[in-house]
Amino acid sequence: MRDVQRQVPLAPVPESIGIARSTVRAVVAGMDVRVAGDVELLTSELVTNAIRHGGSQIDLEVVLAANCLTVTVHDDGEALPQVGDREVPMEAVSGRGLQLVAQVADSWGVAQVPDRAGKRVWFTMAVDDARSPGPTPLESARTT
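Going by full-length UniProt numbering, the sequence shown opens with residue 1, and the numbers climb by one from there.
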């Protein structure tokens, strides 16, 4: 598998979600389509959160190395989000993005960025060139 790194500056506008999804789609092209779909979904959740809560500067970084994909979204918002930091009503149409990331990704985290204002939120997923016969983490989460 080839190592890939992409860095894309994004404006805090809804159109940036599509740009972010296209960026990760290009990196995971040729991999298991179900895992690729999960990666796109989680990326769109992080970028959506950055647009809503992050301020004026958003940077997307996608790194594929040694069968591990890491997606990082940097924004200049000061608040550090946490899963479960507020209760989301069942009828709500938003507010579950980080819960989804925590459930589907192999690992994830949030940290302040030392060299600029703001934070970074990231997730990792194991990826493989071959098609996987088993369910993706998102498919597994839907059945539990």
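There may be inaccurate statements among the hints.
[To be verified] Across the chosen pairs, the derived CB separations fall in these ranges:
no., residue 1, residue 2, range
1, G30, S56, 27 to 37 Å
2, I19, A65, 32 to 42 Å
3, Q112, R34, 28 to 38 Å
4, P9, Q112, 28 to 38 Å
5, Q5, R116, 18 to 28 Å
6, S107, Q5, 26 to 36 Å
7, Q112, V33, 27 to 37 Å
8, S107, G30, 36 to 46 Å
Honestly, the hints are just simulated from the structure, not real lab data.
Just so it is clear, CB atoms sit at the ideal spot from N, CA and C, and this is done for glycine as well.
Outcome for the supplied range 28 to 38 Å, where the beta carbon pair is P9 and Q112: violated (20 Å)
| Does the Cβ distance between S107 and G30 fall inside 36 to 46 Å? | violated (24 Å)
Take a look at whether the Cβ-Cβ distance between Q112 and V33 falls inside 27 to 37 Å.
Given a distance of about 35 Å, which is inside 27 to 37 Å, the answer is holds.
Open item on the list: Holds or violated: the 28 to 38 Å window for the beta-carbon distance between Q112 and R34?
Closed with: Holds: the Cβ-Cβ distance is about 34 Å, inside 28 to 38 Å.
Distance restraint evaluation - Q5, R116, Cβ atoms, bounds 18 to 28 Å
holds (19 Å)
- prompt: Okay, S107 versus Q5 on CB: inside 26 to 36 Å?
  reply: Violated, since S107 and Q5 (Cβ atoms, about 19 Å apart) do not stay within the stated range.
G30 versus S56 beta-carbon gap, inside 27 to 37 Å or not:
holds (35 Å)
Given the hint of 32 to 42 Å, check if I19 and A65 actually sit that far apart at their C-beta atoms.
Roughly 22 Å apart at Cβ, these two residues miss the hinted range, so it is violated.
Checked against the numbered hints given earlier, the structure breaks hints 2, 4, 6 and 8 and satisfies all the rest.
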